[in-house]
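Q: Sequence:
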Amino acid sequence: MTEVPAGRRERKKALTRQNIADAALALFRERGFDRVSVREVAEAADVSMSGLFQHFPSKESLVFGREEDQRDGLVAAVRDRPEGTDVLTALRAWLLAQPMYAGTGDAERRAVLDLVSGTASLREHAALMWTAREEALAAAVAEAGPEVPGAGVAARALSRFVLDRAVPWDGDAPLGAVEATFALLAEGWENRHTEPARPSRAAVPGPDTAEPGPPGLRERKKAATRRSLAETARRLFAERGFEDVGVREVAEEAGTSVATLFSYYPDGKVSLVFGEEKQVAELVAAVRDRPGDRTVLDALRGFLIDRCPGEVDPSPLVRELAQMVRETPELRAYRRRLWTSGQAELAGAVAAAAGLEPGDVEAGTLARCVLQIPDLTFAEQDPRAAVDMVFGLLRVGWPACLEAPHGR
2 MTEVPAGRRE RKKALTRQNI ADAALALFRE RGFDRVSVRE VAEAADVSMS GLFQHFPSKE
62 SLVFGREEDQ RDGLVAAVRD RPEGTDVLTA LRAWLLAQPM YAGTGDAERR AVLDLVSGTA
122 SLREHAALMW TAREEALAAA VAEAGPEVPG AGVAARALSR FVLDRAVPWD GDAPLGAVEA
182 TFALLAEGWE NRHTEPARPS RAAVPGPDTA EPGPPGLRER KKAATRRSLA ETARRLFAER
242 GFEDVGVREV AEEAGTSVAT LFSYYPDGKV SLVFGEEKQV AELVAAVRDR PGDRTVLDAL
302 RGFLIDRCPG EVDPSPLVRE LAQMVRETPE LRAYRRRLWT SGQAELAGAV AAAAGLEPGD
362 VEAGTLARCV LQIPDLTFAE QDPRAAVDMV FGLLRVGWPA CLEAPHGR
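Numbering (the numbering used here), first residue to last: 2 to 409.
These are computed hints drawn from the structure, not numbers from a lab.
Ideal Cβ positions, reconstructed from N, Cα and C, are used throughout, including at glycine.
Treat the hints with care, as some may be off.
As the list claims (entries may be wrong) - Capping the alpha-carbon separation at 16 Å, the derived lysine to aspartate or glutamate pairs in EDC-like fashion look like this: (1) Lys270 <-> Glu244; (2) Lys60 <-> Glu44; (3) Lys270 <-> Asp307; (4) Lys14 <-> Asp47; (5) Lys270 <-> Glu331; (6) Lys270 <-> Asp245; (7) Lys60 <-> Glu144; (8) Lys279 <-> Asp307; (9) Lys60 <-> Glu41; (10) Lys60 <-> Asp35; (11) Lys270 <-> Asp290; (12) Lys279 <-> Glu346; (13) Lys270 <-> Glu250; (14) Lys60 <-> Asp23; (15) Lys270 <-> Glu254; (16) Lys13 <-> Asp47.
To be verified - Pairwise CB distance ranges (calculated): (17) Gly269 <-> Asp47: 40 to 46 Å; (18) Ala401 <-> Ala133: 27 to 33 Å; (19) Glu404 <-> Asp23: 47 to 53 Å; (20) Glu358 <-> Ala145: 31 to 37 Å.
My request is simple: use the sequences and hints to build the entire structure.
A: Right, dumping it as structure tokens:
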């Protein structure tokens, strides 16, 4: 048999891969991603199913085949930046040179972005894939900064915030939001905004502000059932793993029905892991109802320090659950959605507190960053120190946050 030269072999593989990707994109654009099967793509590209999967391991990868190059580019932008160029300047320059911001994308790239932005399942997959770059980018950022306690947390937070606001298929992340993120991370909120003075006012109880009475029997029973379901689920998840426990088993172990379980936790298994549904609203209230001498960042930090991240040296159960969440993309995505769903309301409270117009992009950026702090810090050995470091980043910017204490 005549041996095919390596260069020719690679060219043939590249052509086959491009042919499959082109066929997939044409079908997805014509009929929608969810209505096209992988078999139909293989037939349109005139390849076997096994041949298709040699090039694209999943249906989603047919859309995102070029994204690995972008991850490498992000890391290289930091590691290979010119001497004297700081990390944020290098990252901003790289991102703004990309087709989605520079307006230089080819027709295929634009078609992919349009397809993703219009398909919920692809948007969710894309967000997970995009933020999966966080670890590699954070390592590069940490290498560029001084080796001080908390530097790794700050690097991970910076990487998360940049990646989160630069998702190209997110209709809520226009160029202005990207620029606002870089400005916040470089300068810090308090160097960009002076909050107007507000008098301290003692709350005067009235008909609408009086303390509620103790809960009745029905409310106590509902709270006990809800607590029992969550505690049972978390114990089973920690013992056997999230994937190996079903909702029916949780309901039976807690002595209730599956229907009752879903009445308390309509999102099913993922919502049983977390108990933070009310905390977003309470975080907004912490800003709106803060004392007159307390800044927005102080109020936000105080709330998260006291209630969100967990205790220092957590119990074995808490550590098991933290590890499970770290290793389960579905859980991490749900937890982030749980918090970031409150972005508009928190942004409104921040804008009002800072004397900014409703819808201000910088207030929205700060809110978006703050709402990701629970996910960034919950698994740290010392969550309070981690929260302090991330708020230092938001308060004074990077790398100034590494140079001085910043807790309040």
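Q: Could you grab the alpha-carbon distance between lysine 270 and aspartate 245 and see if it respects the 16 Å cut-off?
A: holds (11 Å)
Q: Are lysine 60 and aspartate 23 close enough, with their CA atoms no more than 16 Å apart?
A: Holds - the C-alpha atoms of aspartate 23 and lysine 60 are around 13 Å apart, at most 16 Å.
Q: With the threshold set at 16 Å, check whether the alpha-carbon distance from lysine 60 to glutamate 41 stays at or below it.
A: Cα-Cα ~11 Å, so holds.
Q: Within 16 Å, alpha carbon to alpha carbon, are lysine 279 and aspartate 307?
A: Cα-Cα ~15 Å, so holds.
Q: Between lysine 270 and glutamate 331, does the CA-CA distance stay at or below 16 Å?
A: Since the Cα atoms of lysine 270 and glutamate 331 sit roughly 10 Å apart, the hinted pair holds (cutoff 16 Å).
Q: Take a look at whether the Cβ-Cβ distance between glutamate 358 and alanine 145 falls inside 31 to 37 Å.
A: Holds, since glutamate 358 and alanine 145 (Cβ atoms, about 35 Å apart) stay within the stated range.
Q: Hey, lysine 14 versus aspartate 47, does the alpha-carbon distance stay inside 16 Å?
A: holds (14 Å)
Q: Decide if the proposed pair is consistent with the structure: lysine 60 and aspartate 35, CA atoms, cutoff 16 Å inclusive.
A: holds (10 Å)
Q: Do the alpha carbons of lysine 270 and aspartate 307 lie within 16 Å of each other, as the hint requires?
A: violated (27 Å)
Q: Hinted pair, alpha-carbon criterion (16 Å max): lysine 270, glutamate 254. Please report holds or violated.
A: Holds - the C-alpha atoms of glutamate 254 and lysine 270 are around 14 Å apart, at most 16 Å.
Q: What's the verdict on lysine 270 and glutamate 244, does the C-alpha distance respect the 16 Å limit or exceed it?
A: Distance of about 9 Å is within 16 Å: holds.
Q: Does lysine 270 pair with glutamate 250 here, judged by a C-alpha cut-off of 16 Å?
A: The given pair, whose Cα atoms are some 11 Å apart, holds under the 16 Å limit.
Hint compliance for this structure: hints 3, 7, 11 are not met, and every other hint is.
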